[in-house]
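First to last, the protein sequences are chains A, B, C and D.
For the first sequence, counting from 1, position 7 maps to 67 in our numbering; every step adds exactly one.
For the second sequence, counting from 1, position 49 maps to 109 in our numbering; every step adds exactly one.
For the third sequence, counting from 1, position 45 maps to 105 in our numbering; every step adds exactly one.
For the fourth sequence, counting from 1, position 124 maps to 184 in our numbering; every step adds exactly one.
Take the hints with a grain of salt, since some may be wrong.
Treat identical chains as interchangeable: a pair holds within one or across any two.
Straight-line distance between alpha carbons at most 27 angstroms, and here's what the computed DSSO-like set of lysine-lysine pairs gives [unchecked claim]:
id : residue 1 : residue 2
1  : K168      : K240
2  : K240      : K194
3  : K72       : K194
4  : K194      : K169
5  : K84       : K240
6  : K145      : K72
7  : K169      : K77
8  : K72       : K169
9  : K84       : K145
10 : K77       : K152
11 : K168      : K72
These are calculated hints, taken from the structure and not from any lab test.
There are 4 protein chains.
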Amino acid sequence: MAKPLNEKLRLKEYAEKFGEKLKKIKVCAFDIDGILTNGGITWDGENIGFNRTCHIHDGYGFKILRDAGILVGIISGGDSVGMRKRFIDTLKLDFVFLGNEDKRDAYKKILALGYTDEEILYMGDEFIDLPILKRVGFSATVPNASYEIQEAVDYITHRESGDACAREVMDMLRYAQDIKPVVLEF
Amino acid sequence: MAKPLNEKLRLKEYAEKFGEKLKKIKVCAFDIDGILTNGGITWDGENIGFNRTCHIHDGYGFKILRDAGILVGIISGGDSVGMRKRFIDTLKLDFVFLGNEDKRDAYKKILALGYTDEEILYMGDEFIDLPILKRVGFSATVPNASYEIQEAVDYITHRESGDACAREVMDMLRYAQDIKPVVLEF
Amino acid sequence: MAKPLNEKLRLKEYAEKFGEKLKKIKVCAFDIDGILTNGGITWDGENIGFNRTCHIHDGYGFKILRDAGILVGIISGGDSVGMRKRFIDTLKLDFVFLGNEDKRDAYKKILALGYTDEEILYMGDEFIDLPILKRVGFSATVPNASYEIQEAVDYITHRESGDACAREVMDMLRYAQDIKPVVLEF
Amino acid sequence: MAKPLNEKLRLKEYAEKFGEKLKKIKVCAFDIDGILTNGGITWDGENIGFNRTCHIHDGYGFKILRDAGILVGIISGGDSVGMRKRFIDTLKLDFVFLGNEDKRDAYKKILALGYTDEEILYMGDEFIDLPILKRVGFSATVPNASYEIQEAVDYITHRESGDACAREVMDMLRYAQDIKPVVLEF
Numbered sequence: 061m062a063k064p065l066n067e068k069l070r071l072k073e074y075a076e077k078f079g080e081k082l083k084k085i086k087v088c089a090f091d092i093d094g095i096l097t098n099g100g101i102t103w104d105g106e107n108i109g110f111n112r113t114c115h116i117h118d119g120y121g122f123k124i125l126r127d128a129g130i131l132v133g134i135i136s137g138g139d140s141v142g143m144r145k146r147f148i149d150t151l152k153l154d155f156v157f158l159g160n161e162d163k164r165d166a167y168k169k170i171l172a173l174g175y176t177d178e179e180i181l182y183m184g185d186e187f188i189d190l191p192i193l194k195r196v197g198f199s200a201t202v203p204n205a206s207y208e209i210q211e212a213v214d215y216i217t218h219r220e221s222g223d224a225c226a227r228e229v230m231d232m233l234r235y236a237q238d239i240k241p242v243v244l245e246f
Numbered sequence: 061m062a063k064p065l066n067e068k069l070r071l072k073e074y075a076e077k078f079g080e081k082l083k084k085i086k087v088c089a090f091d092i093d094g095i096l097t098n099g100g101i102t103w104d105g106e107n108i109g110f111n112r113t114c115h116i117h118d119g120y121g122f123k124i125l126r127d128a129g130i131l132v133g134i135i136s137g138g139d140s141v142g143m144r145k146r147f148i149d150t151l152k153l154d155f156v157f158l159g160n161e162d163k164r165d166a167y168k169k170i171l172a173l174g175y176t177d178e179e180i181l182y183m184g185d186e187f188i189d190l191p192i193l194k195r196v197g198f199s200a201t202v203p204n205a206s207y208e209i210q211e212a213v214d215y216i217t218h219r220e221s222g223d224a225c226a227r228e229v230m231d232m233l234r235y236a237q238d239i240k241p242v243v244l245e246f
Numbered sequence: 061m062a063k064p065l066n067e068k069l070r071l072k073e074y075a076e077k078f079g080e081k082l083k084k085i086k087v088c089a090f091d092i093d094g095i096l097t098n099g100g101i102t103w104d105g106e107n108i109g110f111n112r113t114c115h116i117h118d119g120y121g122f123k124i125l126r127d128a129g130i131l132v133g134i135i136s137g138g139d140s141v142g143m144r145k146r147f148i149d150t151l152k153l154d155f156v157f158l159g160n161e162d163k164r165d166a167y168k169k170i171l172a173l174g175y176t177d178e179e180i181l182y183m184g185d186e187f188i189d190l191p192i193l194k195r196v197g198f199s200a201t202v203p204n205a206s207y208e209i210q211e212a213v214d215y216i217t218h219r220e221s222g223d224a225c226a227r228e229v230m231d232m233l234r235y236a237q238d239i240k241p242v243v244l245e246f
Numbered sequence: 061m062a063k064p065l066n067e068k069l070r071l072k073e074y075a076e077k078f079g080e081k082l083k084k085i086k087v088c089a090f091d092i093d094g095i096l097t098n099g100g101i102t103w104d105g106e107n108i109g110f111n112r113t114c115h116i117h118d119g120y121g122f123k124i125l126r127d128a129g130i131l132v133g134i135i136s137g138g139d140s141v142g143m144r145k146r147f148i149d150t151l152k153l154d155f156v157f158l159g160n161e162d163k164r165d166a167y168k169k170i171l172a173l174g175y176t177d178e179e180i181l182y183m184g185d186e187f188i189d190l191p192i193l194k195r196v197g198f199s200a201t202v203p204n205a206s207y208e209i210q211e212a213v214d215y216i217t218h219r220e221s222g223d224a225c226a227r228e229v230m231d232m233l234r235y236a237q238d239i240k241p242v243v244l245e246f
């Protein structure tokens with residue numbers, strides 16, 4: 061069998077390093093642009109508007125966490141047809157907040173469900189994400205976020221924006237909480 | 061003449077290292093998302109649905125292997141117009157299984173054609189690929205697959221998802237079986 | 061809290077190194093293709109024409125600089141529906157010059173507003189950008205610009221074309237002028 | 061002024077190393093998929109068909125070489141609306157051969173114009189390019205071409221497919237022939 065590449069091995073180390081924080085997590089919230097996408101936006105005509113590309117690994121990561129009883133969703137300042145198709149219609153996430161750059165409202169609604177700060181994980185990459193990044197139990201960002209964002213978070217992913225960087229964090233959480241996806245017998 | 065870059069040289073070494081397994085291969089099956097694509101999916105309107113981008117080198121690799129008598133095809137949990145246009149209408153692959161996340165059925169149909177596990181090569185990157193990855197004669201995945209997938213396969217490609225990582229495996233198979241594509245005299 | 065990655069730390073060093081020049085900047089102008097995009101252009105049908113993809117971080121960078129009283133805009137030889145939607149309709153930049161490969165006219169119009177060369181920052185990547193790159197107070201380009209362009213500018217970004225390389229320069233300017241984006245209390 | 065990055069400096073060295081061959085070049089021909097594109101193809105509906113993305117730097121490179129009297133064009137096995145819009149309608153290249161995987165015909169038509177093998181530069185990345193790559197005065201390919209292609213060419217670019225790798229070769233040719241693009245006085 062193949063020897064897993066180094067980054068993967070380190071991911072288990074990080075899961076251990078942040079174990080105390082990660083074990084408390086019950087909610088995972090993600091920004092879209094620059095986290096679930098590579099930051100790219102493309103005008104696709106009046107019917108679609110500005111469009112983005114998501115990564116299939118992040119989508120499957122959502123599914124794994126949900127199956128394990130973790131609440132998963134989106135808090136994005138942007139909004140578009142494609143994102144609704146992906147996160148509401150297809151992935152059917154537990155919560156999808158779109159189109160408000162003041163993300164405090166969405167966060168308060170999550171708290172109102174009965175969760176505490178330390179039970180929430182958030183991943184974002186911009187100044188509008190800072191209020192939440194500073195409050196949550198575990199915060200993460202990407203390597204190309206501005207200095208002030210990188211300085212404020214618990215963890216900076218090795219994968220770049222849109223290259224399944226969210227899945228990197230989800231996998232780390234999975235290792236920390238010992239979540240094992242169902243694998244069919246064959 | 062140029063001195064080929066290092067990765068290419070190593071590819072011949074790998075072909076030798078895995079020679080015993082690769083020489084038995086008669087069927088090559090690939091997952092789509094994250095293998096034949098970079099994992100990106102984009103909403104492209106009601107007529108096209110979620111869309112993906114494939115790599116031309118993988119397409120030509122299919123052709124080379126088929127010309128050498130190897131059965132080539134797809135086992136994908138996803139399904140879309142673009143993928144049908146590419147793999148059925150254009151490349152006319154020997155088998156194209158789409159839209160079933162339980163990939164055991166497709167695999168059984170290949171076995172039913174008279175092939176054995178050790179004659180099949182499979183490349184996939186997600187937990188739903190594990191049942192097949194664990195059974196086939198030669199298994200491969202990509203550098204950004206989750207730890208459990210990397211740990212289960214024979215070979216992890218050097219190329220990333222969608223960057224012709226399938227062709228890397230096809231070329232390795234080609235070297236192991238001494239398959240030489242036709243090059244026109246001039 | 062996470063230790064910011066190295067490039068970010070160096071960015072503050074560069075801001076210091078170029079402090080004298082950057083402190084005078086009152087106008088920031090950017091080329092589109094190869095700077096605000098990764099250089100890619102895609103035919104998208106008669107209604108959209110040739111299309112490009114922009115980066116969300118550059119868009120937010122424009123907003124931060126404008127809030128700090130800096131004039132921001134575009135001087136591009138290209139022109140397309142998507143670029144108008146992005147830079148005029150959505151981001152509402154202070155100036156957007158499109159469709160003229162002779163960029164001297166646009167530059168003169170900026171000077172006519174009462175600004176001097178040393179108060180203008182420009183980022184471009186092609187020979188048609190050289191006349192302006194050589195005149196402005198601070199000039200920048202990307203790692204894959206031709207030798208003659210790289211040789212002519214003050215700064216070559218670490219990020220590649222379209223990967224928020226403009227934001228890298230904007231952040232550097234921000235550090236040099238001590239511009240702090242508003243972060244909501246929470 | 062900025063110190064140009066290392067690759068650029070080496071490009072001038074390569075121009076010198078291959079000077080004898082490059083000085084004779086009067087015609088530059090390029091493959092599309094995997095050279096002028098990153099190898100990606102995307103189904104874009106019946107009106108557009110399979111679509112590709114080109115790089116703006118390669119486009120400007122064509123212009124520079126044409127202004128210097130060099131014949132520039134395409135020999136591609138593929139064909140699509142977008143490529144015709146880009147290479148015929150927009151860039152108006154000297155020759156555009158599309159849709160024939162046997163590239164010998166196109167090459168013979170170039171010879172019929174009165175050029176000799178050693179006056180032609182060709183860049184391609186697949187087995188169907190080998191007949192021409194082996195004949196021309198200067199041949200180039202990309203880092204992810206198969207071993208046999210890399211082994212057959214004079215030069216392997218540092219830039220990847222679609223990331224203006226053609227411009228890298230054009231710039232090298234430019235340095236070898238001392239071609240200086242017009243830069244407007246200002």
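Task: Hint numbers contradicted by this structure - done: Hint check: 6, 7, 8, 9, 10, 11 fail, others pass.
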